[in-house]
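> Here the sequence shown is numbered in our numbering, starting from 1 and rising by one per residue.
Think of the hints as simulated: they come from the structure by calculation, not from any bench. The structure presented is a predicted model; accordingly, all values stated were derived computationally and were not measured.
Here are the simulated DSSO-like cross-link-like pairs (lysine-lysine), alpha carbons at most 30 Å apart as the crow flies:
#1 K241 <-> K302
#2 K325 <-> K248
#3 K150 <-> K247
#4 K389 <-> K458
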Amino acid sequence: MKIPHTIPKNVLEAYRCSEETTRLTCEVDRTIRPEDVSWDEERVPSLKTLALRVIASAWKKNPILEELPTCEDRNMLMEILPTDLPFELTIRKIDNEHYWERCSRARWGYNDCAEHGNSWRRRYCEGAFREYLENLEPSFFESQKEDCEKMIDLVRDYVHTIELRSLLPTKKDKISLNEEDSCLAEEVFVHHIPLELILPQFPHLTELRINFGLVYMNDGFEWRDFEISIEDCFGLGRGIKACPKLKKFTLTRSNLDQPRAAALLQGVLENDSIEELDFSHCKLADKGAKAVGEYLSHRNLKILHLANNDIGPEGVAGIIYGLLKAEHTTLQHLNLRLNPLLDNGMFHVCAYLLRSESLEVLDVSACGIEAAGGAALAEVLTSGSIKLKSLNLNLSNNDFNETIGDSFEAALRNIPFVVGFEARMCNFSRQSEYSIHESVLRNKQRKRKEETKRMLEKSQKISIDSFVSE
1 MKIPHTIPKN VLEAYRCSEE TTRLTCEVDR TIRPEDVSWD EERVPSLKTL ALRVIASAWK
61 KNPILEELPT CEDRNMLMEI LPTDLPFELT IRKIDNEHYW ERCSRARWGY NDCAEHGNSW
121 RRRYCEGAFR EYLENLEPSF FESQKEDCEK MIDLVRDYVH TIELRSLLPT KKDKISLNEE
181 DSCLAEEVFV HHIPLELILP QFPHLTELRI NFGLVYMNDG FEWRDFEISI EDCFGLGRGI
241 KACPKLKKFT LTRSNLDQPR AAALLQGVLE NDSIEELDFS HCKLADKGAK AVGEYLSHRN
301 LKILHLANND IGPEGVAGII YGLLKAEHTT LQHLNLRLNP LLDNGMFHVC AYLLRSESLE
361 VLDVSACGIE AAGGAALAEV LTSGSIKLKS LNLNLSNNDF NETIGDSFEA ALRNIPFVVG
421 FEARMCNFSR QSEYSIHESV LRNKQRKRKE ETKRMLEKSQ KISIDSFVSE
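Using the sequences and the hints given, assemble the complete structure.
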């Protein structure tokens, strides 16, 4: 007897007999065992089962589902229907989540439905469209444009996130031996598929993650395969501009420098819905950071990741200037790790801490900050001028010393808003590390109690209001 997929596995486990029960004397000689699901494995299948198998084998030619008489028949068909049927047929006919789960597990080894809104249909559509774009040749895009539009029509209503791990670049033309010296030839820039034609066609797109580069390389490897052109950035910006629901944009591990960042942010600036930007592991440097700062002066982000971009004191000054120039700053998370900020850069960050009212997470780990920058931060924390409600700090792998550790230890004893503090490999003494940990833990517990109390008061108020209204 096959257990239908509509019965949760937890229910089966709850009703399953334990090993101790099966060893009881009264259970050993029992002839009727209703809990045994394999009792009919050697029996001839029923006529209905045989009919459903025939329907499943011929479903490509005769796709029937809703025409089946009972829900039980439809559920059974979803369990035996082949997973290699044409996508353009199944996406229009089948909305059963169990079938799309089977298709996803048959096609990919890693499947986390929670990353796709707990929808297996959405997971399959997003994965299939990602693979389609990753294998699309930009040199022949015009000839494939009609097929691309057909694919978009099939998945547009189910795609909320587009994640591109790699994109194929345009191929370099081969130079004949009879032609002129290749050193005198003009440089040919690398280009990718025109995303400005693709992105606006997804009305529910909320997240976009792109890596311009290759994951799998062959004998024709060139460093140009990992580059992104300014034209690509202009096109990507125009595509993002036309995505009204986009909340998160990620472009990492690319040669995104100041000219490319400026070209990209021109389009991103026109999008009012973006709340999170991630340009980690790029090549912004100080000039690119200033371009980001100019963007921040016009748009209010909540999360900004700029890790490993070779941003120095001058660049972080541009970022802080843009944040302070904005009329109303809502930035909650600022990630500047793996950038050579040095002490001068930390001074600018401290100035922002004194003026910000929304920052909750600050990551300046491995930024080359020494004793002067650490002392400035400790002084700012104890100044009493910070208006933050909670702050999570990461100062790991900076060249502090035990004296700075003592300063942070003394500061955190009387600071209630620091609920996270990472200081690994900062040359603090063990006593300072332990004391800092205890202070942060105390702040966490206090904040948790305050939140619990606030929630209880809110629920009580709602109950009273509903009672009065009745």
